[in-house]
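Chains as they are written, first to last, in our numbering: chain A, 2 to 275; chain B, 240 to 548.
Covered stretches of chain B (in silico footprint by chain A; criterion: 3 or more residues with CB under 8 Å from a CB of chain A, positions within the stretch not fixed):
1. 267-280
2. 489-496
3. 518-532
Some, not all, of what chain A presents toward chain B, calculated at C-beta under 7 Å:
4. Leu-123
5. Phe-211
6. Gly-245
7. Asn-256
Restricting the straight-line Cα-Cα distance to at most 25 Å, the calculated cross-link-like pairs of lysine to any residue (SDA-like) are:
8. B:Lys-371 - A:Asn-6
9. B:Lys-371 - A:Met-15
10. B:Lys-371 - A:Thr-249
11. B:Lys-445 - A:Arg-265
12. B:Lys-331 - A:Ala-125
13. B:Lys-371 - A:Arg-265
14. B:Lys-331 - B:Thr-530
15. B:Lys-371 - A:Gly-10
16. B:Lys-371 - A:Leu-7
17. B:Lys-371 - A:Leu-9
18. B:Lys-445 - A:Gln-264
19. B:Lys-371 - A:Ile-11
20. B:Lys-312 - B:Ala-292
Source of the hints: derived by calculation from the structure; they are not laboratory data. We put the CB at the ideal spot given by N, CA and C, even for glycine.
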Amino acid sequence: MKRRNLLLGIGSSMLAVVILAAAFAGVVSTHGPTEQLYRDLALAPPSWAHSIGVDGVGRDVLTRILYGARATLGIAFSATAIAVLGGVALGAAAGVRRGWFDAIVSHATDFLLAFPSILLGLVALTILTPSAASVAIAVGISSLPTVMRQVRAAFASEGAKEYVLAARATGAGRWRIAALEILPNCAGLILVLTTLTLGGAVLEAAGLAFLGLSGQPDIPEWGMMLREEQGTFRVAPWLCIAPGLAITWTVLAFNLLSDGLRQRRRWARLAESA
Amino acid sequence: MFGAMRAFLLRRIGSLVVALFVASVAVFLLVRAVPGDPARLLLKNPTPERIAAIRARLGLDQSLPTQYWLWLKNALGHGRFGESIVTGRDVKEDLARTWPATIELSIVALVVATLAGVWLGVFCARHAGTWKDALGTTVSLVGLSVPVFWLGLLAMLLFSLELGWLPAGERGGLDHLVLPALVLATIPAAFVARVTRSAVLETLGKDFIRTAQAKGATERAILYRHALRAALVPIVTMVGVEFAYLLGGAVLTETVFAWPGIGRYVATAVLARDYPAIQGALLVLVAMVMTVNFAVDVAHHALDPKLRR
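One chain only, chain B, in its complex shape (with noise of 0.2 Å):
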């Protein structure tokens, strides 16, 4: 058994490596895709020294794969990624300040929307083809409909400036969490409610439930320990899906919220066709998505008994 588990973790690491070099990659030719000189993009003020001086730092006059690795080895060796067109600030600062704050309002969102997903998921599945069921199953489907940048402004009117409960916005104590994260955690939500519920729905069908009916297990007994047990590795797998839905969320809900995090800058970063700014941010990105996406793989893996042999 660990045998297996050494060679996929293995596995697994070499195909992280393959992906973020890759990534990095289409990172650095990005701004080369860029009609126009490389010098220029990545300057705020180009005067003809600092064209020259950026030129020979990034390689300009070398072949693209020398090019590439002079700048995988700034970026990486010394976070070096330039400074911002637009406020002529350390790139590298700036990804400091902001990292942090997305990962908090991500991680609050993610438990947010797996309770309330599970919770309606398994809510809709015990009263399938009732109207509780139809009541939760248009909630979810409205969930997924929702413009999250909408859902924030209209959330913003009615809980901080009509009724001042809360904060509208900006980085703060936990009561500037509240409103951001609710809103960010709804197509999540929305979306692990649909996939708990087939799953569920799915299981009960099942002969081991049959068999717990049979010995005697009370309702509650049989959906939360039998049922969403068996459905927990759809569910697992689905916290993967639901963190690119989170950070895909973050860049509006940050903007609308002013939340000081990567996704309201790399917004507007692109915006400002700030290429510094955007190549550090998609960089940092990539490495928080790629590093879920493996611990969700190792935890599914570790879950599932069909995949140890």
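Chain A with its partners taken away, still in its complex shape (with noise of 0.2 Å):
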């Protein structure tokens, strides 16, 4: 009882920081995050003026940071947006309708999950052109599979229940009650689902970025610094441990309001193995 308030306590309190980061950037830091301005001051370690730091071209770390979580969380949304809408869609269809649909939908998504999610996201980061939107709809297309089968699983299984077999009774359509009768009782595994596929995103998007195929090296994105500033760890190592604390910080977020939100709803033991 008091172990899930404090698991959510704990999550929800680290992703405020996360949002209230991305939302007062600009607010906290008088200059933009690509502006050289301290380029006498390259490398220069933490100091009060710059908390973090300066980097080797002489930009402000900490102003870097700041407007990062506003590149990462965006990415992380609109791709766990994409995931979550379309594997929803997808696999409240299947388990719905069965039938060859079904047959075709959970194969391909169990041929798709034996892959991991990054390697996916590679593949689509080919034929996309390489910019912000494309990490995004690569990272949702690549973690959509996960949340199809969970849905689909639980679709299936809600169906042959008796408050389902009530509403047919009454003559309702099996759509109407996909969509009123057991969407509603779905709702705590898709939440569920939805801050997995955040913390999953973050990851893999940040991933992607540490590769170099972000594209756009204007918007300063977590992954993308540690990937610039691999080269000079070793002069000033505070320039590589503050984006990758920042990462683990969101995904370590996500991740505890995952487990907190599962212990809370009994039947989110479908998400279990997720």
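Build the complex: two chains, separate frames, hints provided.
Rendered as structure tokens:
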């Protein structure tokens, strides 16, 4: 009882920090994330004026980390929107309709689930032109199969329950039942899957950016910062430590939220293996 | 019993063949899905003569199924994926060199992750509800949340550059393997720990455990001989999932540690839009994933008495 509140509490406070950083990046910092104002201070260690130091080309690192929260949350939320909306629609349709449609969709997701999602993201990025939007789409598509499988299983098992039979007895159509009866009962599961996907999306987007596939060097993103600064980490280790800590912090926040939600909702057990 | 096993094997091999076919079609269509002329995408310096030659070889003037068939015959029959657009080297040779490096790294990481994960999971289940459980659960949750490339950079900074204990990357003797394998094992280990913890906790509540306790078995014997054995099926099933995590992590870990494996190869190929290399590497990766999943399914079937009938 006490513990679940703890997980949810810590997770949401940690996430609040990230959201505040993203929202007030322009207020905390007086200049832009790409302005090279401190070239004479290049690679300077943390100080009062620059609390995480200055990078190799004279940019304030704290400013870049704060603006990085914007980029990261933007990509993570758009990717998750794609994965959850697409996954719920496909999963619900497969779970309700069954038959050949279910067979095809289920086999396809089983097949895709055998592959690491970053590899699916890489494949998607071979077709799309590199940009933040492409990364969001790639991450969204590669996270979709997990959501779809869980939602399909939930819809299929809920479909056999008595309240569904009762609704059917009153003459309701199966899509109406799916939308009005089953979907509200799966809200908790979908919430758990959403938080899980958000955490995974932050990690995967950072990984793709670290590989150099985010395409836009003018938008600071934590994975890309790590890529740029890995060469200087011997002389200025804080340049590498800060973005990595920021990623871990954000992913941990989402994972804590999903663990907390999972303990709270009895039937979110379905999402246990995810 | 053997009849059931044979039927299972036949069915599983059938689905393996279908999956490989679908994967090969997807890899083939990948280049066709990119806007532009495939002949130009597949060549380093597209002179008119070379474009004409590759058009003939790929059968670009023929129907899509014929093109696919030609491509598959070249790829599988002769291992001919073409030349890398970036280096001009034969992709086949690159693949032959890189995939064993990835297998070596992944197998060591798989063993480390499974042992460490099972140990941590049993440790947490044994001390369920105490501060030790909370500590172990927190460790595994953090392990799941850390970006593997960052962990690799930090490990390299500390153990190679500052302390000088281990080499900072590239393939070589056993000492070269330590850091990348440990880093790569982190996320799967955390994952295995979580699954093991809940699987062992679940079996600890079962009747046969109470029987074992009643007949006076020691706590250690109950944990390792009874509870862990019953929890073995979900843990073995995990190995397939683990392997997917490992290959995904390998793309990043190999990049950090300059490990000459197929993960780094495919990452640089995608970055350079080196389509012949991408296609070849993807086919090899698909084959690796499918083989492991096949082996896991067979092991799962052999281990789980419920499936034997």
